[in-house]
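Student: For the sequence shown, our numbering assigns the number 1121 to the initial residue and increments by one for each residue that follows.
Heads up, a few of these hints could be off.
[Said to hold, decoys possible] With a cut-off of at most 25 Å between alpha-carbon atoms, the simulated PhoX-like pairs for lysine-lysine come out as follows:
hint, residue 1, residue 2
1, Lys1327, Lys1317
2, Lys1241, Lys1317
3, Lys1193, Lys1229
4, Lys1312, Lys1302
5, Lys1317, Lys1283
[Stated by the list, open to error] What follows is a list of derived Cβ distance ranges for each label pair:
hint, residue 1, residue 2, range
6, Pro1210, Gln1253, 56 to 66 Å
7, Glu1305, Asp1335, 23 to 33 Å
8, Leu1307, Phe1333, 56 to 66 Å
9, Leu1174, Pro1285, 39 to 49 Å
10, Gly1249, Ser1167, 23 to 33 Å
11, Pro1272, Leu1174, 41 to 51 Å
12, Gln1314, Phe1279, 34 to 44 Å
13, Gly1275, Phe1333, 30 to 40 Å
14, Gly1249, Tyr1207, 46 to 56 Å
15, Gln1318, Asn1284, 25 to 35 Å
16, Ser1326, Val1294, 27 to 37 Å
17, Tyr1207, Tyr1269, 26 to 36 Å
18, Gly1249, Gly1275, 37 to 47 Å
19, Tyr1269, Met1315, 32 to 42 Å
To be clear, the hints were calculated from the coordinates, so they are not data collected in a lab. Note that beta-carbon positions come from the ideal geometry of N, C-alpha and C, so glycine has one too.
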Amino acid sequence: MSKFTPIALILPLFISVILSLAIQPHAAAAAATTTKNDAPSKLITTSIHGRLRLPDPNTSLNSTRITLNDGSKHSTYTQHDGSFVFYRVPPGVHLLDVQSREHHFSQVKIQLLEEAMDVPKCIEYVYPGAPKQAIPHPLELTAHASYEYYEPRQGFSIFSILKNPMLLMMIVSVGGMVMMPKMMEGLDPEQKEQMQKQMAMQQDPSKMLTQMFHDMTGTGEEPDPPPIEKKPSSKAGGKTARRGKRD
1121 MSKFTPIALI LPLFISVILS LAIQPHAAAA AATTTKNDAP SKLITTSIHG RLRLPDPNTS
1181 LNSTRITLND GSKHSTYTQH DGSFVFYRVP PGVHLLDVQS REHHFSQVKI QLLEEAMDVP
1241 KCIEYVYPGA PKQAIPHPLE LTAHASYEYY EPRQGFSIFS ILKNPMLLMM IVSVGGMVMM
1301 PKMMEGLDPE QKEQMQKQMA MQQDPSKMLT QMFHDMTGTG EEPDPPPIEK KPSSKAGGKT
1361 ARRGKRD
């Protein structure tokens, strides 16, 4: 039994060495894969700088929200001097909007290329559909107009009263009442009579419409001819004279 004791001790050690040598390459490969997957991916990004200004330099600008691509991932607010910064902007095409309720600013389309991240291409649109123009970076955006939500109240004016249609109708009616008698004084009797007939017809709409229809169709009643005075003939005069002599 003493002859087989060294072999029994050496055999387990030999097997453990062989197993360790077989497992070591796989463990090294797995460790390398884990290290490679855990390493963070380096994405190239840049920063976009700009400033908002008002036409009047003495007017201060309130803090204004600015967005890239509708603010889905990037949005910021202006500082007290109107400056703003977007950090870690990835490559691509981005649309910059100024979300101001008081002033209208241009839209800016920014193109970032991976080969030239430090030199962005900026194109300005005064309003959607307007002609485009290239602008440098950092951006300098000046307000084009101010929004007016309320109409200023106008003061009292005598001309505003005269613009009232009801007042104008009243003035014309009073003027007609004052001027009509003076106009009637200078008319001929026939014209006065005709005007009185027209006024009487205006009081009765049915008569006025009937007269208008007769005038348009020409079927109105013709005026009666003036009566003809009969003069005694010479024969009748002679006979009368003879009868007077006989009597």
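Student: Of all the hints given earlier, name the ones this structure violates by number, lowest first.
Tutor: Hints 2, 5, 6, 8, 11, 13, 14 and 19 are the ones this structure does not satisfy, whereas the remaining hints hold.
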